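Student: Chains as they are written, first to last, in this note's numbering: chain A, 1 to 217; chain B, 1 to 1103.
Take the hints with a grain of salt, since some may be wrong.
[What the hints assert, rightly or not] Here are the simulated lysine-lysine pairs, DSS-like style, with alpha carbons at most 30 Å apart: (1) B/K991 / A/K74; (2) A/K3 / A/K74; (3) A/K74 / B/K956; (4) B/K956 / A/K202; (5) A/K202 / B/K1006.
Since the hints were made in silico from the structure, they are not lab data. Every value quoted in this text rests on a predicted model; they were computed, and no experiment measured them.
Residue strings, one per chain:
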Amino acid sequence: MSKIFPKSANALPMQIVIFLTVLTGVATAAVTYYSTPKYLRVGYQPIQPVPFDHSLHAGNLGIDCRYCHAAVEKSATSSIPTSQTCMNCHSIIKTTSPLLEPVRQSFATGSPVPWVKIHQAPDYVYFNHSVHVDRGISCVECHGKVNEMSVVYHAKSHSMGFCLDCHRDPAAHLRNPQDVFNLNSLTLADQGKLEQAHQMIKDWKVNPPQSCSGCHR
Amino acid sequence: MKRKFDHSAPEGASAGPRYWRSLDELAETPGFREQLAREFPEGASSIEGVDRRQFMKIMAASFALGGLGLAGCRRPEINILPYGKSVEYIVPGLPLYYATAMPLRKWAIPLLAETHQGRPTKLEGNPTYAPHGGSTSLLAQASVLDLYDPDRAREHTKGGQPLATADVNDLLAGIHRQHAGNGEGLAFLADESSSPTRARLVARLKAQFPRAVWAEYEPVRDEPPAEAALASFGRNVKPVYRFASAKRVLSLDADFLHAESGSLMFARQFAGGRRVAKATDPMNRLYAAESNFTLTGSMADHRLRIASSQILALTAVLANRILGTTDYATLAQGFTDGAAWIEQCAKDLVANAGECLVLAGAHQPAAVHVLVNAINAKLGNLGRTVDFVEIPESGASTLPALVTAMKAGAVKTLVIVNGNPAYNAPADLEFASALKSVADVIRFGSHVDETSAISGTHLAATHYLESWGDARTADGVVVPVQPMILPLFGGLMEVELLARLAGEEKPDAYEQVYATIAGLTDGSRKAFEKFLHDGILAGSEYKVAAAGFDAGRAAAVLATAKAPAPATEENIEVRFVTDHKVDDGRFANNGWLQECPDPITKLAWDNAILVSPRLAKKLGIYPHGASGPQVARVELAEDFHYKERAFIGEVTVGGRTLRGPMHIQPGLANFTVVIPIGYGRPRSGNVGTNSGVSAYVIRGSDAPDIASGTIRNTGERLNIATTQEHWSMEGRDIVREANLEGEEGYRNQRDFVKEATIDAHSPPVYGKDQGASLIYKATETPRGNSLYETPNFEGLHQWGMSIDLNTCIGCNACVVACQAENNIPIVGREQVKRGREMHWIRLDRYYTDGQLDAGAFGGPGNKEIPEDPQTVVQPMTCQHCELAPCEMVCPVNATVHDDEGLNVMAYNRCIGTRYCANNCPYKVRRFNYFDWNKRALDALYMGPLGHQDEMPELVKMVKNPDVTVRMRGVMEKCTYCVQRIQQAKMAQIRKAGASGNVLVPDGAMKTACQQVCPVDAIVFGNIRDTDSAVSRAKAQDRDYAVLGYLNIRPRTTYLGKLRNPNPDMPDYRPLPFSREEYMKKNHPGHHGGAEGDEHAGEKKGEG
């Protein structure tokens, strides 16, 4: 019986194994780099049409987050302020600043200032701000220390794993409800008051959903 | 509400990375687009037409290039566009609700419109209006889609040239000036309306132009003729039925559950009298005599098939019997077929005098209505089960009179306000040619349609969701029509049009409506604002007239009436009926309605000439004595999976001929042919044009509703789309029903849904916990030892649903409400023919007939289609099984349970294996075969070439922002409106704060189908709460699970249907037909089966 395979075929299994190993490695690295939120999102810092400085407004001046993001306690979205909100102050302060020209234009004409979106939940994710801030989850948990950012960037990964970490163990992330909008505050756990966090979970019936229906509809 | 909302995307905002779809596109080969356009039609008809090799080449190229440009993986830049100036009340992300109303002919449905940032997306009934209880109809549900119809008229035109708004104002002022004085030569043709503002403006017009003609025309009559009331009572009144106090109802060709004005109110009251919470509750009894098979007929306990033209004779017999006279003997001549039926029915009515109701269809001649009034008066029903209310005099001229004037050249300027006479006027009037003798025709309408095409000037009308106006409900309550949005296409409001023609100083529609309402209230702005807020004007209903029947006047009308000859095979009766979905054709361009299957015929996207089984046989549609095909089998109906190969018939009326597909409809009177109107529009839009056949082409003005003619079978064939090819349950007990009384009736056998069904023979699903509480069974009873783990149902809420088959009237409102709420796409006629419709809830309609037997199970097999079927309708949607078969077969865990008992779909996990749909015993899962949302219906097969980057803006606007828009390749199904559940839970959480009271109160959220249901057949809520409405419903002894013996433990259960037949009636059967079938199939020797056989030989029904 003649040989079907040449002798060189003996090396084939090993070659295949090496090829597959390399391929898997490359694929893993590529997927990690190209398509995980950790790399895709963190650090995203687009240039805004108006160089609004959060560290000045929320940090130095101490304006409450809710002055501008007014819907955060009522609605799914935290609402980006209308130009009218800016003009509440800037019709008195810095009325001629060229940097504010788009805002003045917008207020005069009614057409919006095209702010660039930084934190973007995918279309199939229905995140609701109001319940989170209501249950002692501070802005800082997902957005980082915005009060120290002069140009806002994407600080946390916002991957599904990121959400689930907290939904599975809310005690580690809860703040005293008064501290939710104080971005310099510490979580109860970090204050060494883990007991109090657990008590709050019990009293307030904090029960973050872990099933698909919690966020996907 | 007068506010400008900018919906457009900012310029230059979409400058993201570029995607290529093919080499040619990348290289921008010259003529690329042209080439595409030329090649499309070849591959458009079916996937078989596409050259596979070519397809693969293009796909490979686009994938390769897509891969190289990895920058494409980086996120596109998205803008957030807040308002420039803050808008009162608007909180981004939260819906706002405004009261408005949908006007339809002489009545209206009060609504609450849900708006998202100024964009209406969903309409609900206004709960402040008690007679509707917050429910709506399918037409109201679908009307929001009409607002965003891309085929709406986008500009005013004159002679094809666009007209600016200022020019339109000049034009209208010009007409006013030109005819100033007596109004000679000026004429108006309008649709019917209940609007007090319009009535006021019309009065102003008449005062200014005394010789001008104001004519009104509607192709559909949904209120009893005014002359009948005048003849009976000597005053201008109309009946308002009080079904709540009627124990016995006899409907004479009246489809009061759907087609009559005020049907929503009637259906609700009727169902209230039918709802049985415990065995001792009373239940009304419905007798129906009709030619067409209507929703009302399908609900009837006794149904008599009889030609519509014979209703007069039948009523005369009934009147003679009840009034104890022979005065109407001449009218009753020749009526023999249903004598015994009428006799027993009359006896029952007399026994319930004062608590019964006789009513006739609006299309019946005045004589029938006069007789009905006489009967109701004699029975003491006036003021108890029927009130006659004073209505404003219309005083409008008619279309035939106007056409005569037009032909005589007496009309110089004609203003057509809404309506569509060129399409729907009676054929013998030849409206289109008459219009040629009018010098100046101004058409005011929402679409550039058949009438606009032959009018010199077209003025674009606003949708009612863009208009200021008012209307009255069927019982006369004044309701506001408020705009939700500025006119999308810059249209003109009807009120403003009339105000300008009348030369009003303030033609603004808002001011006009305010002036009207000020006349009805104390005149303050505050009262007006309260009216707008509440959505109704309290105390404005029509006043009940103290009406006494005037026998003398009535006799004069009856003396001129004569009974027509009975319909025969040679001289058939032709009934023109309002279509269930497109009404008189005005909704023909609404995709939701076109795709919604007719509740009885189950045809979608087409109408058909409906013929009775007997006539079908005579026409040779079925060869006589064919080899015993049975109704359950597809061969008989020649249905091939959602396609019906219909024969094309030719109906001739008065020398005019119509060709159309014939559909065999059990339950029709033998020689009555029924044609739904409103289809076959030559100029409607992308959806409605040439869908079905137009009955108007043979409709004459002498007999617009009931005509006589001939029919023949051309022998040609046409495929039409049907969503339910299966007619019968084949002796299965999917729908369980019993009579109220009798040996095996509900009152004697309370647990008939379990004892008389397969449940009595299958091993007990819950083992020793059979009698345990709902929540114990859901959470504690072990769920077998399956390898597939389901979560413990530990959630605070355990959702469940109960559907009462006894009150469901099968009106389809839930189907369209679900479509609107859940962003369900339409798929088009061709895809429905392939069974790919996407509805999450469907209504299964089964015919049952005691003589049927399924040959496949050893019986002889029936030879014919049933002529007198009983009908059962079952809303079927995802049952949210606790042990869901779909979950066990999903390879990627895309469908799993949550801890509150919902069977959830994670769309972005789904890889489209469709195993779940295969394993679903209820067949409620729907697969996205195409990107329905991104593709035009005629571009589905174009592959990557037909791709559109984005949904058109208009299509996006109607979408519910709280629900994912699904893409191609994923499975979807009913979610129990999980978005509403989550919103209710979050609202409660915000309210609870530190109190920890996070339990959603019962009734705080409703599913879309529940909210729309006019008869409250659907109940939804938390089964952990033993006192919730759903727990109470499920605790009833009629509660059963469809296919419960499979041990899949559905969370949706049904309440068995009841029938309340009269044992004295000739067509009385001790068991519903479905039970007879079940007994025959499963217990051939049992007495139930024997009983069925015994009665099978009897003549059932008459006619």
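Student: Which of the listed hints are not met by the structure?
Tutor: Structure breaks hints 2, 4.
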